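Peer 1: The primary structure of each chain is shown beneath.
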Amino acid sequence: MLNRTPLFAAHQKLGARLIDFGGWEMPVQYSGIVDEHRAVRTAAGLFDISHMGEIVVRGSAAPEFLNWVLTNDIRKLQNRQGQYTLMCNERGGAIDDLYVYQVEAEEYLLIVNASRISADAAWLNQQLAAFPRRQAVDLKNLSADFGALALQGPKAAQFIDLCFPSGSEPALAGTLRKNDMARREYQGRFIFISRTGYTGEDGFEIVAPAEITPTIWNKVMEIGAPFGLKPAGLGARDTLRTEVCYPLYGHELDENTTPIEACLGVFVALGKGEFMGRPVLAEQKARGTAKKLVAFKSAEKSPPPRPHYPIWSAGPARRQIGQVTSGTQSPSLGIGIGMGYVPPEMAASNSAIAIEIRGKHAAATIVPKPLYRKG
Amino acid sequence: MKNQIPEGVLHAKTHEWVRLRDGVATIGISDHAQHELTDVVFVELPAAGRVVQAGAACAVVESVKTASDVYAPVSGEVTAVNAQLARHPELVNSDPYGEGWFFQVKLSRPAELNGLLKPADYAREIGGQV
Numbered sequence: 001m002l003n004r005t006p007l008f009a010a011h012q013k014l015g016a017r018l019i020d021f022g023g024w025e026m027p028v029q030y031s032g033i034v035d036e037h038r039a040v041r042t043a044a045g046l047f048d049i050s051h052m053g054e055i056v057v058r059g060s061a062a063p064e065f066l067n068w069v070l071t072n073d074i075r076k077l078q079n080r081q082g083q084y085t086l087m088c089n090e091r092g093g094a095i096d097d098l099y100v101y102q103v104e105a106e107e108y109l110l111i112v113n114a115s116r117i118s119a120d121a122a123w124l125n126q127q128l129a130a131f132p133r134r135q136a137v138d139l140k141n142l143s144a145d146f147g148a149l150a151l152q153g154p155k156a157a158q159f160i161d162l163c164f165p166s167g168s169e170p171a172l173a174g175t176l177r178k179n180d181m182a183r184r185e186y187q188g189r190f191i192f193i194s195r196t197g198y199t200g201e202d203g204f205e206i207v208a209p210a211e212i213t214p215t216i217w218n219k220v221m222e223i224g225a226p227f228g229l230k231p232a233g234l235g236a237r238d239t240l241r242t243e244v245c246y247p248l249y250g251h252e253l254d255e256n257t258t259p260i261e262a263c264l265g266v267f268v269a270l271g272k273g274e275f276m277g278r279p280v281l282a283e284q285k286a287r288g289t290a291k292k293l294v295a296f297k298s299a300e301k302s303p304p305p306r307p308h309y310p311i312w313s314a315g316p317a318r319r320q321i322g323q324v325t326s327g328t329q330s331p332s333l334g335i336g337i338g339m340g341y342v343p344p345e346m347a348a349s350n351s352a353i354a355i356e357i358r359g360k361h362a363a364a365t366i367v368p369k370p371l372y373r374k375g
Numbered sequence: 376m377k378n379q380i381p382e383g384v385l386h387a388k389t390h391e392w393v394r395l396r397d398g399v400a401t402i403g404i405s406d407h408a409q410h411e412l413t414d415v416v417f418v419e420l421p422a423a424g425r426v427v428q429a430g431a432a433c434a435v436v437e438s439v440k441t442a443s444d445v446y447a448p449v450s451g452e453v454t455a456v457n458a459q460l461a462r463h464p465e466l467v468n469s470d471p472y473g474e475g476w477f478f479q480v481k482l483s484r485p486a487e488l489n490g491l492l493k494p495a496d497y498a499r500e501i502g503g504q505v
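First to last, the protein sequences are chains A and B.
If you read the first sequence in this note's numbering, its first letter stands for residue 1, the second for the next number, and so on.
If you read the second sequence in this note's numbering, its first letter stands for residue 376, the second for the next number, and so on.
In case anyone wonders, no lab produced these hints; they're calculated from the structure.
For clarity, every value in this text was computed on a predicted model and none was experimentally measured.
Ideal placement from N, C-alpha and C gives every residue a C-beta, glycine not left out.
Treat the hints loosely; a few may be bogus.
Estimated spans, in silico, between C-beta atoms of each pair [stated by the list, open to error]:
1) 308(A) - 502(B): 30 to 36 Å
2) 122(A) - 452(B): 57 to 63 Å
3) 410(B) - 75(A): 22 to 28 Å
4) 122(A) - 388(B): 42 to 48 Å
5) 78(A) - 462(B): 52 to 58 Å
6) 428(B) - 225(A): 49 to 55 Å
7) 383(B) - 12(A): 33 to 39 Å
In silico negatives: residues of chain B with every beta carbon more than 12 Å from chain A [stated by the list, open to error]:
8) 397
9) 429
10) 430
11) 435
12) 442
13) 455
14) 462
15) 464
16) 484
17) 485
18) 488
19) 500
In silico SDA-like links for lysine to any residue, alpha-carbon gap of 20 Å or less [to be verified]:
20) 301(A) - 410(B)
21) 301(A) - 382(B)
22) 13(A) - 422(B)
23) 360(A) - 410(B)
24) 301(A) - 492(B)
25) 360(A) - 422(B)
26) 13(A) - 410(B)
Build out the structure end to end from the sequences listed, making use of the hints.
Peer 2: Listed below in structure tokens is the structure:
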């Protein structure tokens, strides 16, 4: 039996096509991937991201513990600020990529990938057991207690504050800065609104107790409708994030791939002191890596690239140099796009490569990330 | 959404259709299939002159999300392909039984047509109303 989010009934009512996504029965699309993709790029889309995990870490040693297990520097955060970060093993391989928010001093909220909730919780507990000040850290996996929505698109800020009562710090959610969060009371419960997303557009993510998530979904759908808001599924979420080259765990990231290889070095704070995976990551930053994540575009009319398709070098001495990790037809650009790992010496922008599609080579070009920029 | 199944068109259980006119069979995918796929972005067709076998994969239709095989509903030599689909794959969505056709074959085993589904049977197959 697949896991279902608090919004399962809402998806059924909207006629969503549901698929198994990492053990979750999730909407892949409602009106169609391209239609939903365009809605997010031009107006707004609402995604159910309740499958994602919520882990709360509290206590006087919580910042110290999190700075040991996570790659970014948690001391950069003030209250109600968040940051993208990674959690790595001893080899520098990514256990997960996640967002961490400092809700208050000594209270942190980790938003983790659905497919990694158990792996993350197990790893965190194992690390905590070996952490000297473990008595001063309280770690709780509250994933089952929370639902979450992502409201994404250029018009989202125009109606976010019509959906929720105003509060303080800041009074209006629409004035939140990127990565900042606000706490609001809704139906007597606390909810969190952050200015973040996974689409390359402006937008908000709303984390709420599971019981009131359907009410919030309905409210946002109703208020957003005149602004062109549409429900959007995981299909559009994938094309949107691929266009802006955001990694997806299991595709660009896994336990044998480091943030340096994934070109996420900016989220690895080597200067903050010792932390899990640091020796390998520092070495890779200084001496380079054996593989590097690149983005590419099709250079000729061809079928869309897909995950696992071989990447070949172009020119006379052709050889396989890597594999596609994410690939699709870009609804915004109208061509095939993707990402994949290649040796660093073959990773220069404008390099010609070929993608093997059902035994045939299709010309493609390595291009700078992101593949698509808003506006 | 109500699926449109024209009269005189036969379907395979794998959702390809065949329309026979003057010994030439035109082949495409059903309205139900295009609706399930949504947003067709690429169609890979067999080359003219190729001999296709009933039940064997002979074309690929790609939506944003996935690549799906298309199976020949009948055997024969490919005599024509719909070149328009290279530039306008969306015709498969907008007009699956017309402008969105895939290819034509000269039937080598016409008796295979007897094994295909008539409109009412195909409607039942996809759970629709007759």
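Peer 1: Now tell me, hint by hint, if it's right for this structure.
Peer 2: Going through the hints against the structure:
no., hint, result
1, 308(A) - 502(B): 30 to 36 Å, "33 Å, holds"
2, 122(A) - 452(B): 57 to 63 Å, "59 Å, holds"
3, 410(B) - 75(A): 22 to 28 Å, "53 Å, violated"
4, 122(A) - 388(B): 42 to 48 Å, "45 Å, holds"
5, 78(A) - 462(B): 52 to 58 Å, "54 Å, holds"
6, 428(B) - 225(A): 49 to 55 Å, "51 Å, holds"
7, 383(B) - 12(A): 33 to 39 Å, "37 Å, holds"
8, 397, "33 Å, holds"
9, 429, "21 Å, holds"
10, 430, "19 Å, holds"
11, 435, "7 Å, violated"
12, 442, "7 Å, violated"
13, 455, "20 Å, holds"
14, 462, "9 Å, violated"
15, 464, "10 Å, violated"
16, 484, "27 Å, holds"
17, 485, "31 Å, holds"
18, 488, "29 Å, holds"
19, 500, "19 Å, holds"
20, 301(A) - 410(B), "24 Å, violated"
21, 301(A) - 382(B), "35 Å, violated"
22, 13(A) - 422(B), "44 Å, violated"
23, 360(A) - 410(B), "28 Å, violated"
24, 301(A) - 492(B), "35 Å, violated"
25, 360(A) - 422(B), "14 Å, holds"
26, 13(A) - 410(B), "19 Å, holds"
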